[in-house]
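Asker: Going line by line, the protein sequences match chains P and H.
Counting from 1, one number per residue, gives the positions in the first sequence under our numbering.
Counting from 1, one number per residue, gives the positions in the second sequence under our numbering.
Any given hint could be a false lead.
27 Å max Cα-Cα, derived DSSO-like pairs, lysine-lysine [unchecked claim]: (1) Lys195(P) - Lys20(H); (2) Lys60(H) - Lys171(H); (3) Lys20(P) - Lys147(P); (4) Lys60(H) - Lys195(P); (5) Lys20(P) - Lys69(H); (6) Lys195(P) - Lys171(H); (7) Lys69(P) - Lys20(H); (8) Lys195(P) - Lys69(H); (9) Lys69(H) - Lys171(P); (10) Lys195(H) - Lys20(H); (11) Lys195(H) - Lys69(P); (12) Lys60(P) - Lys171(H).
Hints are computed from structural coordinates only; laboratory data are not their basis.
Protein chains: 2
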Amino acid sequence: MNPNPSVSGPLQSLPGREVKGLCEALFVETEPYPETRAVFEIALDLQGIAGTRHYGFTRKAGPREPWYKRGMDMRSGRQITAVSREELSAIAAAMQVERVAPEWIGANIVVSGIPHFTLLPPGTRIVFAEAAIVVEAPNAPCRIAGKAIARHLTHGAGSGGLDLAFPAKAKGLRGVVATVERPGTIRAGEAVTVKVPPQTLWQPV
Amino acid sequence: MNPNPSVSGPLQSLPGREVKGLCEALFVETEPYPETRAVFEIALDLQGIAGTRHYGFTRKAGPREPWYKRGMDMRSGRQITAVSREELSAIAAAMQVERVAPEWIGANIVVSGIPHFTLLPPGTRIVFAEAAIVVEAPNAPCRIAGKAIARHLTHGAGSGGLDLAFPAKAKGLRGVVATVERPGTIRAGEAVTVKVPPQTLWQPV
């Protein structure tokens with residue numbers, strides 16, 4: 001056995017690093033699900049955004065976790081949804097539509113200036129002036145969000161296939177889900193620092 | 001901008017994968033900190049191990065987070081400490097001592113058969129028959145654990161430098177901290193499945 005594979009072993013690693021970006025806009029939930037509406041600031045506590053459906057340390061298992069019994073209490077990991085302005089533009093280009101608005105697909109936070117935002121590894125911290133959140137996982141593009149996009153772009157005249165195009169074209173670009181690590185108020189227009197931890201491509205070799 | 005960097009971009013990726021291992025032994029906290037004592041089973045709820053100091057969705061910021069005010073309420077991420085039998089042997093070899101026991105350094109779970117256990121990326125699930133935990137981060141080898149090792153190996157006759165040797169030699173081998181995702185009872189001797197998510201070595205290119 002290799003006693004220190006992170007240094008001398010066959011696995012590829014990168015040291016941690018920081019990049020700066022901008023918190024462009026903020027949104028909280030509204031009707032119909034999953035839509036959100038723009039706000040100037042959001043008070044984050046350690047359970048997320050008080051009064052919203054994703055608030056809480058725990059949630060019920062659902063169709064995203066078919067390996068768990070539906071309705072089981074589980075760790076949340078989905079308090080906050082964050083997307084990137086540049087990736088939303090890339091999704092719109094791939095879908096051949098004018099735009100995909102963050103408030104159509106349930107985003108709480110829109111950032112800019114962070115390359116490959118959806119690929120930030122779990123454990124990455126997004127640090128605001130007061131608060132900090134931890135990236136849990138890439139968000140999975142779903143047909144519910146696709147339907148919301150279709151509703152806005154076709155003005156109710158059928159989906160035009162956009163509901164299905166979204167999950168296909170948004171893969172790897174849909175942003176991330178995150179959990180609050182440090183509570184505080186976050187504000188549209190403030191700078192963010194993204195702290196990516198050291199990474200190793202794990203393989204059983 | 002590359003619209004789909006996970007497929008065609010310059011970043012290196014690996015698909016998710018599963019490996020099987022064994023839960024060799026289980027431990028719960030005892031005195032003095034950070035020592036633990038062997039048990040046959042542990043009931044995990046969504047806050048960790050009830051009645052122990054690491055129980056809870058949140059904890060106070062401490063010396064591990066010098067960027068936060070000491071005592072601030074923050075997300076825990078440290079409910080459970082897991083180590084690997086093979087890596088403890090590697091640490092003992094590097095320290096030139098007979099053994100490093102998991103109960104000396106605060107471990108709750110000892111696994112075997114999982115290569116590069118400490119390098120499992122955050123977001124990896126360790127799945128037991130009933131419960132599941134999520135890897136949060138590699139654990140940092142600290143001098144408190146080093147002192148506990150020295151106390152056992154030298155039988156109180158000074159530290160022999162072992163307190164300082166531990167943080168140096170255990171780097172990358174100290175195991176991981178984890179959070180409960182699915183509650184349930186875990187048992188010494190049961191099989192575990194380690195589910196590593198798809199990974200990308202993130203770089204701002």
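Asker: Hints numbered earlier in the text: which of these fail when held up against the supplied structure?
Answerer: Structure breaks hints 1, 3, 9 and 12.
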